[in-house]
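Visitor: Guided by the hints, dock chains G and R onto chain E, whose structure is given.
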Amino acid sequence: MGKKIHVSTTINGEAVEFLCEARQSLLEIIRDTLTLTGAKEGCNNGNCGACTVLMNGVPVDSCLVLAVEAEGAELETVESIANEEHLHPLQECFLEGAALQCGICTPGFLVSAKALLDGHPEPTEEEIRFELSGNLCRCTGYDKIVRAVQAASERMKEVK
Amino acid sequence: MAIVHVPPQMQKLTGGLTEVEAEGDSLRRLVSNLDTAYPGFKDRLIKDDLVAPGLAISIDNVVTSRGIFAEVLQDSVIHIIPAISGGR
Amino acid sequence: MSENFNHAQIIKDPDDNYKILGTRPVRHDGVDKVTGRAIYGNDVQLQGLVEGAILRSPEAHARILSIDTSEAEAHPGVLAVTTSADFPDLGDKIANLGEGPVNLAHLAANCLAKDKVLYKGHAVAAVAAQNAHIAREALDLIKVEYEPLPIVTDVLEAMKDGAPLLHEGLLTNLVPGGEKAEAPSNISDHHHFKRGDTEAAFEAAHIVVEREFTTQTVHQGYIEPHVATAHWNQDGQLTVWASTQGSFSAREQTSEVLQIPISKVKVIPCEIGGGFGGKIPIYLEPVAAVLSRKCGRPVKIQMTRDGVFEGTGPTPASFMRIKLGVDEAGKMTAGEAWLAYDTGAFPGGVIGPGVMCVFSCYDIEHAHIDGYDVCVNKPWTKAYRAPGSTHVAYAVESVVDELAEKLEMDPIDLRLLNAAREGTKRVDGPVYPRIGLIETLEAAKNHDHYKSPLEGPNRGRGVAAGFWFNIGLKSAATAHVNADGTVTLLEGSTDIGGTRTSISMQLAETLGIAAEDINPKVADTDSVGYTDITGGSRVTFATGLAAVEVGKDIISQMKERAAKLWECEAADVEFSDGIFSQGDNSISFKELCAKLSRTGGLITARASVDPQGFTNGFGVHICDLEVDVETGKVQILRYTALQDAGKAIHPSYVEGQLQGGSVQGIGWALNEEYLFDEKGHMLNPTMLDYRMPTALDVPMIDTVIIEVPNPSHPFGVRGVGETPIVPPPGAIANAVKSATGIRMTELPMSPPRVHSAITEDGNGAS
Chain E
1 MGKKIHVSTT INGEAVEFLC EARQSLLEII RDTLTLTGAK EGCNNGNCGA CTVLMNGVPV
61 DSCLVLAVEA EGAELETVES IANEEHLHPL QECFLEGAAL QCGICTPGFL VSAKALLDGH
121 PEPTEEEIRF ELSGNLCRCT GYDKIVRAVQ AASERMKEVK
Chain G
161 MAIVHVPPQM QKLTGGLTEV EAEGDSLRRL VSNLDTAYPG FKDRLIKDDL VAPGLAISID
221 NVVTSRGIFA EVLQDSVIHI IPAISGGR
Chain R
249 MSENFNHAQI IKDPDDNYKI LGTRPVRHDG VDKVTGRAIY GNDVQLQGLV EGAILRSPEA
309 HARILSIDTS EAEAHPGVLA VTTSADFPDL GDKIANLGEG PVNLAHLAAN CLAKDKVLYK
369 GHAVAAVAAQ NAHIAREALD LIKVEYEPLP IVTDVLEAMK DGAPLLHEGL LTNLVPGGEK
429 AEAPSNISDH HHFKRGDTEA AFEAAHIVVE REFTTQTVHQ GYIEPHVATA HWNQDGQLTV
489 WASTQGSFSA REQTSEVLQI PISKVKVIPC EIGGGFGGKI PIYLEPVAAV LSRKCGRPVK
549 IQMTRDGVFE GTGPTPASFM RIKLGVDEAG KMTAGEAWLA YDTGAFPGGV IGPGVMCVFS
609 CYDIEHAHID GYDVCVNKPW TKAYRAPGST HVAYAVESVV DELAEKLEMD PIDLRLLNAA
669 REGTKRVDGP VYPRIGLIET LEAAKNHDHY KSPLEGPNRG RGVAAGFWFN IGLKSAATAH
729 VNADGTVTLL EGSTDIGGTR TSISMQLAET LGIAAEDINP KVADTDSVGY TDITGGSRVT
789 FATGLAAVEV GKDIISQMKE RAAKLWECEA ADVEFSDGIF SQGDNSISFK ELCAKLSRTG
849 GLITARASVD PQGFTNGFGV HICDLEVDVE TGKVQILRYT ALQDAGKAIH PSYVEGQLQG
909 GSVQGIGWAL NEEYLFDEKG HMLNPTMLDY RMPTALDVPM IDTVIIEVPN PSHPFGVRGV
969 GETPIVPPPG AIANAVKSAT GIRMTELPMS PPRVHSAITE DGNGAS
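Protein chains in written order, with the working numbering: chain E, 1 to 160; chain G, 161 to 248; chain R, 249 to 1014.
Hints may be right or wrong, so weigh each one.
Claimed, not checked - For each label pair, taking beta carbons as the anchor points, the in silico distance ranges come out as:
# : chain 1 : residue 1 : chain 2 : residue 2 : range
1 : R       : Glu458    : G       : Leu177    : 26 to 36 Å
2 : R       : Asp937    : E       : Thr124    : 28 to 38 Å
3 : R       : Asp340    : G       : Asp235    : 13 to 23 Å
4 : R       : Asp1009   : G       : Leu177    : 48 to 58 Å
5 : R       : Thr847    : G       : Glu183    : 49 to 59 Å
6 : G       : Leu210    : R       : Glu319    : 45 to 55 Å
7 : G       : Thr196    : R       : Ala429    : 46 to 56 Å
8 : G       : Leu210    : R       : Glu613    : 46 to 56 Å
9 : G       : Glu231    : R       : Glu822    : 45 to 55 Å
What the hints assert, rightly or not - List of simulated lysine to any residue pairs, SDA-like, C-alpha gap at most 20 Å:
#  : chain 1 : residue 1 : chain 2 : residue 2
10 : G       : Lys202    : R       : Lys673
11 : R       : Lys442    : G       : Asp208
12 : G       : Lys172    : R       : Glu430
13 : G       : Lys207    : R       : Asn265
14 : E       : Lys4      : R       : Gln378
15 : E       : Lys4      : R       : Asn379
16 : R       : Lys673    : R       : Asp618
17 : G       : Lys172    : R       : Asp445
18 : R       : Lys428    : G       : Ser236
19 : E       : Lys3      : R       : Ile342
20 : G       : Lys202    : R       : Leu422
21 : G       : Lys202    : R       : Lys428
22 : R       : Lys442    : G       : Ile163
23 : E       : Lys3      : R       : Ile382
24 : R       : Lys673    : G       : Gly200
25 : E       : Lys4      : R       : Ile382
26 : G       : Lys207    : R       : Pro349
27 : G       : Lys207    : R       : Ala343
28 : G       : Lys202    : R       : Leu850
29 : G       : Lys172    : R       : Asp618
30 : R       : Lys442    : G       : Glu179
31 : G       : Lys172    : R       : Gly677
32 : G       : Lys207    : R       : Lys341
33 : G       : Lys207    : R       : Gly339
34 : R       : Lys341    : G       : Asp208
35 : G       : Lys172    : R       : Gly339
These are calculated hints, taken from the structure and not from any lab test. From the three backbone atoms N, C-alpha and C, an ideal C-beta is built for every residue, glycine too.
So that you can see chain E by itself, here it is in the shape it has in the complex (with noise of 0.2 Å):
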């Protein structure tokens, strides 16, 4: 097992230290050690997306990151995405959308899904269908999760 190793890092603009062994995933760290449950464990193994968090602005998934690889890194989960007062454009279409209905799989595609609109403002229904296809949702045939982006994306504009 040997011993425990020191890292840096920082989680939804905290900075952050933690120790973890060497085989600790970054997803059980955020959620055994640093609390922030809001990403889910699905699978473990990279195929389903509910553990999706952005590590310095890219998406990945977590359970996939060794938690060593996060020294250093500016680490966002679904816990950031909304502010001290208002849930983020992406929450508001879920939520009014019904886009969720288990919502395990939703922290997931909502990290995903900001990670496509903060690098692509209006992207086309393929563009989010493609762009969300690392995120498995086993509840709503997607329908009304890729209209929600679709109507975020709009909200967003109409706020800029």
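Guide: Okay, now just chains G and R, sitting in the frame of chain E:
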């Protein structure tokens, strides 16, 4: 008299009759009367005062969850069908 | 608002003038679920919590000769190890657990194997340790000696004389109401229905089509793995934090397997990450409980994803033979079905609903149905959304399509001619009440999708109908009326898809207040009255009914308070649209709430219901697709799901059920299957290789809600959740036929299967 439709797997008991008539204002009384006419009927349908596992009783096209206490009317029509098993 | 969330077309009942029902409020638990704050099963954090892991059998069928856990117990960081030896012996006790009879010995032996393992992945032992990594290390140190036995995984092979027997003493139940067969076999149940004279009717028929179909094992595929946390306190009180479709059912199952009183078990339902029927049975709860008792600390076990695929209950593989006869006009005169479903390792599958659903869409005078549940060396199958109905709909709707072709008739017209309606007698006997299949078929026929042309090579259109029951079962609710005019609602139905809101809306409608003024809570088993599972498309129907009854109780109590204010008789107080009135006096619900504490205290109301009888939901789907003849890949181009939904309480969630069910059905039709090697090992227990649809695989799913009110609910609610998975495989198979001329009689219609069918057809025909 209520009419009881006898499913194929039970028709041995009724000598091949697909439909039988019986008296009784509750399922318990009805089945007990049927058992007198067709011995063995009760054993097949009722276990420990409940409708036997795997079975459901439809009274006037409504599957009852009241078991042997279900009300039976003079002209009720009764079907014996499989229970919808195992949840969904 | 600029957004177009593209709501469904709703064909309303003309008498409908509700205020709250039919609107689309944001769900009450919504903000927690989009901010990551909602607590799901694996998010439970407790003082001293340790983690568990399950050892699974590498053999598909073997006798367990010995289990040596000593090395695992000595491993640093390990706190407890358990096997079935720590569990009570249950003999052959059958318990009625709310949603149906369960053989407790089988339930327990599926949680941890007793003397035999019956499938690869069967749980054998479990470890609790400081963390999951150590627990998994310790699993490798448990020594299990197996004596391998011959295996059988195919349903028809398992029915043959001389097949390896999974349960030596298993005697077939002859259902309904028959005795047991005399000789043991793998066949656990034989269902048989017969009406009229099928032989003569087939003889006299104008056209007869007979086809054989097979389907493979598929999984519910919820994204959240099974997870349970248990704490066995020193006072003997067991608390379980569960991800379950029914907290009361989980409590009953756990108490029966452990043989402790239900009063000693409290189940706290967490948010649940999908179920679709798969989270009704328990797997982990009693195991975590025994580990907790042994180590004195709360123990959490979350299954691995391969554990979910290999160790929990998927839905059966099947073999089906369907024969239908029609007269010159296309009227169906005779039907015959021979169905064999595998139940997996233990008896008790879903053939019952299979035989009841097979001809449920049609009025057929002469019919003969045989159905078999058969044990094989695969995981114990469980319910999956309209269990047993999708299989038979795929087969029957394919045959109906072929009949339409031979009759040169429009496939919807043929279905309309034969559709079940009010008064139609089902083959199993009961007669339909008011149902909406005709209306749904007519809506499909008049839909823009069906009327628009489909052009281009290798493209085809298919339609199919589907049927499922809604069960009633028991629900309870309690409400507290607050001084500010809001109502706190406690209910016991775990919320998988917005039912807190669909239930609250029914209470709000009853009270004439806003949905947002209801504050719903899903309570634990100590805090609310007995409530059956979330399943059977029952929650909005039955728990909704409990909420309506609670509302009536609140109104009648508040009338008494208004009568006090006005010094009149409560019987003279009227209530309508949220206003209490008597003569010239009137007061709103909210205003009266503010006066409650001075007129006798705040109000609590409660209701417990057990609605009798089930209703029925019918769906019709239209699918356009294109087949890539080079690869066999099928691309869905356009898809429309229409359903008789009764009153749509929250239309967005009804649409969501139609869309989600359709896409699960599309996955079942096109890609999903368990692949096994000759040793009975599943070859694809990952979400990469068990290929569920992604966002890129499907188009938008158009929906049409047809509101034919259910006569046995005050608002006309029908359950809608399950029916949408039923039509897709049939609709897709019919569309593939129209695109390629080839009738696919095996699911899934995956690229290799479609490609080889095209190749064989090309070789044979030309």
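Visitor: Given the proposed pairing of G:Lys172 with R:Gly339, does the C-alpha separation stay at or below 20 Å?
Guide: Given pair G:Lys172, R:Gly339 is violated - Cα atoms ~31 Å apart, limit 20 Å.
Visitor: For the pair supplied as a hint, R:Lys442 and G:Ile163, confirm whether the alpha-carbon distance does not exceed 20 Å.
Guide: holds (18 Å)
Visitor: Against the 20 Å threshold, does the CA-CA distance of G:Lys207 and R:Lys341 hold or violate the hint?
Guide: holds (12 Å)
Visitor: Would the hint linking G:Lys172 and R:Asp618 be met if the CA-CA limit is 20 Å?
Guide: holds (17 Å)
Visitor: Measure nothing beyond the straight line between the CA atoms of G:Lys202 and R:Leu422; if it is 20 Å or shorter, mark the hint as holding.
Guide: This hinted pair holds, its Cα atoms lying about 16 Å apart.
Visitor: Does the Cβ-Cβ separation between R:Thr847 and G:Glu183 fall within 49 to 59 Å?
Guide: holds (53 Å)
Visitor: Taking the Cβ atom of G:Leu210 and the Cβ atom of R:Glu319, is their distance within the range 45 to 55 Å?
Guide: holds (47 Å)
Visitor: Below or equal to 20 Å on CA atoms is what counts here, so check G:Lys202 against R:Lys428.
Guide: holds (15 Å)
Visitor: Hinted pair, alpha-carbon criterion (20 Å max): E:Lys4, R:Gln378. Please report holds or violated.
Guide: holds (15 Å)
Visitor: Has the hinted range 46 to 56 Å been met by the Cβ atoms of G:Thr196 and R:Ala429?
Guide: violated (27 Å)
Visitor: CA of R:Lys442 to CA of G:Glu179, is that 20 Å or under?
Guide: holds (13 Å)
Visitor: Could you grab the alpha-carbon distance between G:Lys172 and R:Gly677 and see if it respects the 20 Å cut-off?
Guide: Satisfied, since the Cα-Cα distance of roughly 18 Å is no more than 20 Å.
When each numbered hint is compared with the structure, violations occur for hints 3, 7, 8, 9, 10, 11, 13, 18, 19, 24, 28, 35.
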